[in-house]
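What follows is each chain in one-letter form.
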Amino acid sequence: MAEHPLPGGTTAAKPSGAPAPDGGRRSSLADMGKEAGLAAFVALMLALPMGGFKTTEAVTGLSLTFRPLFVLAAVAFVFVGRIVLIVVRERRGVPRGDGGPGLMDRIARGASQGSTTIGIVILAIAIVMPFMPFSSRYLIDTATTVLIYVMLGWGLNIVVGLAGLLDLGYVAFYAVGAYSYALLSTEFGFSFWICLPLAGMFAALAGVLLGFPVLRLRGDYLAIVTLGFGEIIRLILLNWYEVTNGPDGISRIPRPTFLGLEFTRRPVEGIPAFHQYFDIPYSGQHRVIFLYFLILGLALLTNLFTQRIRKLPVGRGWEALREDEIACRSLGINPTNTKLTAFGLGALFGGFAGAFFATRQGFISPESFTFIESAIILAIVVLGGMGSQLGVVLAATLLIVLPELGRELAQYRMLVFGAAMVGIMVWRPRGLLAHREPTVLLHGRGRGAT
Amino acid sequence: MTQAASDNSVLLTVEHMTMRFGGIVAIDDLSFEARKGEITAIIGPNGAGKTTVFNCLTGFYKPTVGRIALHHPSGMMLLERMEGFRIAHRGGVARTFQNIRLFGRMTVLENLIVAQHNALMRASAFTVAGLLGLPRYRRAERRAVDKARDWLDKVQLLDFADWEAGNLPYGAQRKLEIARCMCNDPLLLCLDEPAAGLNLRESAELNEMLRSIRDEQGIGLLLIEHDMNVVMGISDHIVVLDYGRKIADGTPTEVRHDPAVIRAYLGEDEEGDLPPMVSDTMEVQPEGTDDNAGTA
Amino acid sequence: MAYFTQQLINGLTLGSIYGLIAIGYTLVYGIIGMINFAHGEIYMLGAFIAIITFLLLGLAGVTFVPLVLLLVLILSMLFTAVYGWTLERMAYRPLRGAPRLAPLISAIGMSIFLQNYVQILQGARVKPIQPVLTGGMVLAETDGFAVTLSYLQLIIIVLTVVLMVAFSLLIGKTKLGRAQRACEQDRAMAALVGVNVDKTIALTFVMGAALAAVAGVMVTLYWGVIDFFIGFLAGLKAFTAAVLGGIGSLPGAMLGGILIGLIEAFWSSYFSVEYKDVASFSILVLVLIFMPYGLLGRPEIEKV
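Residue numbers (our numbering), protein chains in the order written: chain Y, 38 to 487; chain A, 1138 to 1433; chain S, 42 to 345.
There's no promise every hint is true.
Derived DSS-like pairs: lysine-lysine, alpha-carbon spacing no greater than 27 Å straight-line [unchecked claim]:
{"id": "1", "chain 1": "A", "residue 1": "Lys1291", "chain 2": "Y", "residue 2": "Lys348"}
{"id": "2", "chain 1": "S", "residue 1": "Lys240", "chain 2": "S", "residue 2": "Lys214"}
{"id": "3", "chain 1": "Y", "residue 1": "Lys71", "chain 2": "S", "residue 2": "Lys240"}
{"id": "4", "chain 1": "S", "residue 1": "Lys216", "chain 2": "S", "residue 2": "Lys240"}
{"id": "5", "chain 1": "Y", "residue 1": "Lys348", "chain 2": "A", "residue 2": "Lys1284"}
From the structure, some residues in chain Y lie toward chain S, with a derived Cβ separation under 10 Å [said to hold, decoys possible]:
{"id": "6", "residue": "Met82"}
{"id": "7", "residue": "Met423"}
{"id": "8", "residue": "Arg450"}
{"id": "9", "residue": "Met451"}
{"id": "10", "residue": "Ala456"}
Just so you know, these hints were derived from the structure itself, not from any lab. For glycine and all other residues, C-beta sits at the position ideal for the given N, C-alpha and C.
Turn these sequences into a full structure, and let the hints steer you where they fit.
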């Protein structure tokens, strides 16, 4: 750190922290020890106050417990980890990221080119899953949750992945959809199939109204403004008692019906319930399976829509805007309108997902629509690979299923989550499965113009 | 086509344009004209305000004072009052950039199709027809691809059509940027240092291409260039700027013999006692004469 | 009038705290052009480290209040600065030159990570602390309403002014400050003329974190309770302050902080407490839309 930078600006690229080995020369044991020692010292400084002492609330106020083992473990871990890192890096000989297309790039390309096949296989599994002997209510419920996030991820992917607009308040549209659905169905008694499109439209309207003034802003300012909007909407939901019932939320939201047939054991007089109409024994699972297929359908709709629109001028316009807004303007593309369509359509799908969420839960409150929810959806898009449809499925499944596997893991879920966001950005700044398939080819695999 | 080329009516009139940034006057009371079927070059030392002129013409900046009139077939347009994307869309003014601006992660072909955005938007009935997959949109897209193919052929990039634009070599990126402008059906094509960073052979090809665009398409070309060989070789009309002011305006022969231009460009050779401002303009000369790539 | 003056004092105190956090945003934005989204978390860490050092000093038997305050301040600044340094080193430095959204996403990830890190290490419950410094002076008394300036408020305001002056001098007069301004203008050029860019950026994070730690100490003393979530709101408000003042400008950050503090104090006392955060966020949105260069910032000319 102390040496003078070389002229020619090479310092910026050099992995710093200690004198770097020049041209692949092995660093001596002493150097290695020094570097690892430095890292261990930093670890000590980090761990000592925050981990070494635990504050516990007691009747008399706060008390402290000393945890020397924790500090020791952290320091040792960092020391050893640093040495391993140095050795591995020198063995490989090249600094990170300079080795041409790596394994992950090839996987990403493969997944992207084979996405139709992979997609069909996944879809087939998704369709038969509820009828398999191992299937259970718990499994279908979890799969439904995964699908909600897949749908939200696909919706946000339009905004972030395709149009390159970082939206940190996506949950606002999810909330608008959910509350529109809840209010329309409880106050006016509209059925699910009327409320669903209305909820989506309200969310899209909110997207356009919010988007219009802010979409001129540069990328990071836009991110913060959308975050602000997300919080404003949540705070309004929380405080506007007369309409939203505040923190108590809205309960007894009507469940969806199958072409007017309800999923209840004892329906109201005159209208037969689902099991009566089809003359099968009543089972609580029917509704669960129905909801599962409902969200599967909605998610597929989102996916097909995105796949199609990506190959239309507006979709290409989004991607062009992501690449270079100034060039877009010089080609006569109206940046505001183009961004607005992305924002509005993203919000539309967020609204659909919100409506589904409301009808599935039967109860909603502002608690379900915090910033962390936006962050999770964003993480799904980013981790999967911005713009990659398959990546979203992968990331949503991982993020929802992993904590379900071990309940003890649940408290570490968000910790791992944040670390993964950082790690994946550092490792692959464009996301895990980031490989872009061209929307049209001149020579390549057939002329895929439509 | 020959008929179009013989039409040399005035396409663009810039009158008394001044652009100030805070206290700095980047362009000072500039007036000039550009004609259809002609190549008009704007030259001048570094910092003379050439790119600022382009930015004003294409709506990225609004000039502090002045009028920019485009004589469009559908009527006269005052560009200083229009938003940038409208100038490109309605006015048909296309431009390239000094530091190339391609859609790097999209393919070469996609770059050229994005350039036809507005036409395709209409054909897709603002996405509705496209979503439904109506034949009218599919036909329009096929036409767009054909047009892109024609231009790729003209700039000899046909084999690279499915490459990511960002992976093209430098010279090819320059050519692609021009082809992208042409797919936008411009009336006036503004090129910001198209020869920068090209080697001699590429530079000669570029000259050929610009001439053929002028002669075959009959549009107006506006060119910023440092390289005097390029400028003198292909321009029909040259405007010389120095410190934001126009110091000469005329045919290459006239400009070459203009004493003010000689002073601004060659002052060092002729006079022992340099005015301080000329000294830094001299940096331009060597850059123009050697074919050292990568100066951009 | 008395009520008004009291709110003015409260607002100034709050504003000083926001201002100190805002400086961290502004310095970092100035030098690498990114929003350090995790900066609010650094402030939260500062508050936790402050509470832990308080307790430790109590156990060690140090009771002389000025000494306690000084030690807590120094230790919190030191330990928090290490967090700031590590943050830059691990989450941002590898991403220089990456696509522009990558560092912001990395910052959000870091923010989530740090929140949960503290929640796991220290528990999710609110941490209360016994008041260290009590008392104050009555400035005026009308209609039975006393305008008081507590000693703590006085310390907060005075300390903020002192730090502000010190940091302005640091950036205006020292070699480090010159290196920072050079990096701000053109990083590649700064490296060419011998500025150690990595070191300069790292030091900027260290400075920002140290100031956030001061804010953390103050908030711990002032409110008497903290939890792992305080960084989110305070961070957003401080960011608003930085933008309002003109991001990249040091006096701007302070001015913005004080304005936000005042607005919040007056809004809560004259309008509604429930909507006080809505007011802050609305200001954020309005400022970004209508005056993205803030009060003291310089407009950027779009480079084409």
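Worksheet item: Holds or violated: Lys348/Y with Lys1284/A, Cα cutoff 27 Å?
Response: 17 Å, holds
Worksheet item: Minimum Cβ distance from Met451/Y to chain S below 10 Å?
Response: 4 Å, holds
Worksheet item: Is the hinted pair Lys240/S and Lys214/S satisfied, with a Cα-Cα distance of at most 27 Å?
Response: 18 Å, holds
Worksheet entry | 27 Å Cα cutoff - pair Lys216/S, Lys240/S | Satisfied, since the Cα-Cα distance of roughly 12 Å is no more than 27 Å.
Worksheet item: Are the Cα positions of Lys71/Y and Lys240/S separated by 27 Å at most?
Response: 19 Å, holds
Item to complete: Mind checking the CB of Arg450/Y against every CB in chain S and telling me if the closest is under 10 Å?
Response: 8 Å, holds
Discussion item. Just to be careful: measuring from the Cβ of Ala456/Y to every Cβ in chain S, is the smallest value less than 10 Å?
Written reply: Interface hint status for Ala456/Y: holds (5 Å vs cutoff 10 Å).
Worksheet item: Do the alpha carbons of Lys1291/A and Lys348/Y lie within 27 Å of each other, as the hint requires?
Response: 25 Å, holds
Fill in: chain S contact restraint on Met423/Y - CB to CB distance below 10 Å
Status holds, d = 8 Å.
Fill in: Cut-off 10 Å, beta-carbon criterion: hint that Met82/Y touches chain S
4 Å, holds
In summary, this structure violates none of the numbered hints.
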